[in-house]
Amino acid sequence: MKLVIGGYAQGKLQYVLQKYHLTENAVWDGSLPVNAAYPENIVVINHFHQWVRHSLSEGRCPEKEVVSFVNQCDNCIIISDEIGNGIVPIEEFEREYRERTGRILVTLAERAEEVERVLCGIGQKIK
Amino acid sequence: MILVTGGSGSGKSSYAEEIAMMLAEGNNTIKYYLATMQVYDEEGRRKVERHRTLRSWKGFCTIEQPTNIQEALAEMNTGKKTILLECISNLTANEMFADRQPRAVAEVAEKIVGGVEQLKANTTHLVVVTNNVFEDGIIYDATTLAYIRAIGRINQQLAGLAQQVVEVVAGIPVIVKQ
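Protein chains in written order, with our numbering: chain A, 16 to 142; chain B, 2 to 179.
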């Protein structure tokens with residue numbers, strides 16, 4: 016599993032598609048592939064943070080779900096915005112979303128064979 | 002002195018604790034944890050509790066010091082020590098909004114940087130945790146913007162005092178100043 020993070024609109028998806036010679040067909044947008052459908056080819060999860068948000072809004076446990084996903088589908092690239100670099104939000108859900116997304120990314124980064132941070136479309140390998 | 006920065010949930014606290022422990026083991030110094038968070042509600046209590054649990058086995062002696070951080074020195078043993086100060090964003094809020102009227106950015110920055118300088122002068126090692134609150138692109142009200150500017154100013158001055166500045170990104174330390 017590889018993790019690609021960075022701010023909004025930094026060209027993360029484009030960077031990944033180019034680097035790994037992939038097309039949009041490999042991309043799951045804001046969702047994780049359903050169980051039976053793990054392809055042999057590389058899977059790109061784009062807007063991972065949106066999936067976390069959706070999962071939280073439905074009262075699910077994204078921490079468990081994503082671990083079980085990467086256990087079964089290690090051949091994947093997870094792309095997520097970094098959302099923690101701001102003022103603590105007033106709304107409880109927003110705080111929860113920000114904090115838990117950050118911690119999930121820490122867990123994924125620990126587990127990833129490679130972590131890249133994309134800025135201005137340029138990837139910087141941080142692990 | 003080492004300055005550790007990062008966003009919410011970035012893992013900066015655990016990293017700072019690890020670093021403080023490593024430094025302390027190096028010359029067997031007592032470890033002090035300067036806690037600045039004021040608890041107002043259940044969520045705050047949970048947050049403090051979570052950090053306490055994370056720290057409990059690490060042998061830190063905790064001192065609650067929401068304002069006037071240099072005063073914590075009076076409660077510490079003389080001699081070799083390692084201090085972990087967490088964190089600048091809480092401390093800034095506490096100092097800035099201590100009275101009915103918010104205090105001016107320059108005054109708050111001067112007071113906090115002065116306090117850190119005193120800590121630095123009186124300890125073997127100092128690790129300071131601050132917060133990256135600068136990148137959500139939201140135009141807040143004037144008071145919040147002043148608060149953000151104060152932290153920005155303090156961070157710049159602390160980075161000047163520090164031998165090393167580290168940004169923690171998804172739990173990974175990225176060296177900014179070495």
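Some clues are possibly wrong.
[Unchecked claim] The calculated label-pair distances, taken between Cβ atoms and stated as ranges, are:
#1 Gly45(A) - Ala107(B): 27 to 33 angstroms
#2 Asp44(A) - Asp100(B): 47 to 53 angstroms
#3 Lys79(A) - Glu65(B): 15 to 21 angstroms
#4 Ser46(A) - Phe135(B): 43 to 49 angstroms
#5 Gln119(B) - Ile137(A): 26 to 32 angstroms
#6 Tyr141(B) - Asp44(A): 44 to 50 angstroms
#7 Asn91(B) - Leu134(A): 24 to 30 angstroms
[Unchecked claim] DSSO-like, lysine-lysine: derived pairs with alpha carbons at most 30 angstroms apart:
#8 Lys81(B) - Lys112(B)
#9 Lys81(B) - Lys178(B)
#10 Lys140(A) - Lys81(B)
#11 Lys79(A) - Lys112(B)
#12 Lys142(A) - Lys59(B)
#13 Lys140(A) - Lys79(A)
#14 Lys59(B) - Lys178(B)
#15 Lys112(B) - Lys142(A)
#16 Lys81(B) - Lys142(A)
No lab work stands behind these hints: they were computed from the structure. Cβ coordinates follow ideal geometry from the N, Cα and C atoms, glycine included.
Has the hinted range 27 to 33 angstroms been met by the Cβ atoms of Gly45(A) and Ala107(B)?
For Gly45(A) and Ala107(B) the Cβ distance comes to about 44 angstroms; the hint is violated.
Under the criterion that the straight-line Cα-Cα distance not exceed 30 angstroms, is the pair Lys59(B), Lys178(B) satisfied?
Holds: Lys59(B) and Lys178(B) sit about 27 angstroms apart, inside 30 angstroms.
Lys79(A) versus Glu65(B) beta-carbon gap, inside 15 to 21 angstroms or not:
Violated: the Cβ-Cβ distance is about 35 angstroms, outside 15 to 21 angstroms.
Would you mind confirming whether the straight-line C-alpha gap from Lys142(A) to Lys59(B) stays at or under 30 angstroms?
holds, 26 angstroms
Range agreement (Cβ of Leu134(A) with Cβ of Asn91(B), hint 24 to 30 angstroms)
Cβ of Asn91(B) to Cβ of Leu134(A): about 28 angstroms, so the range 24 to 30 angstroms holds.
Is Lys79(A) within 30 angstroms of Lys112(B), Cα to Cα?
This hinted pair is violated, its Cα atoms lying about 44 angstroms apart.
Are the Cα atoms of Lys81(B) and Lys142(A) separated by 30 angstroms or less?
Given that 30 angstroms is the threshold and the Cα spacing comes to 35 angstroms, the pair is violated.
Are Ser46(A) and Phe135(B) spaced within 43 to 49 angstroms by their CB atoms?
Cβ of Ser46(A) to Cβ of Phe135(B): about 31 angstroms, so the range 43 to 49 angstroms is violated.
Given the hint that Lys140(A) pairs with Lys81(B), test it: the Cα-Cα distance must not exceed 30 angstroms.
violated, 38 angstroms
Within 30 angstroms, alpha carbon to alpha carbon, are Lys81(B) and Lys112(B)?
Roughly 25 angstroms between the alpha carbons, so the hint for Lys81(B) and Lys112(B) holds.
Please verify whether Lys112(B) and Lys142(A) have alpha carbons no more than 30 angstroms apart.
Violated, at roughly 38 angstroms.
Would the pair Lys140(A) and Lys79(A) pass a check requiring their Cα atoms to be no farther apart than 30 angstroms?
Since the Cα atoms of Lys140(A) and Lys79(A) sit roughly 27 angstroms apart, the hinted pair holds (cutoff 30 angstroms).
Taken one by one, the earlier hints fail for this structure at numbers 1, 3, 4, 5, 6, 10, 11, 15, 16, listed in ascending order.
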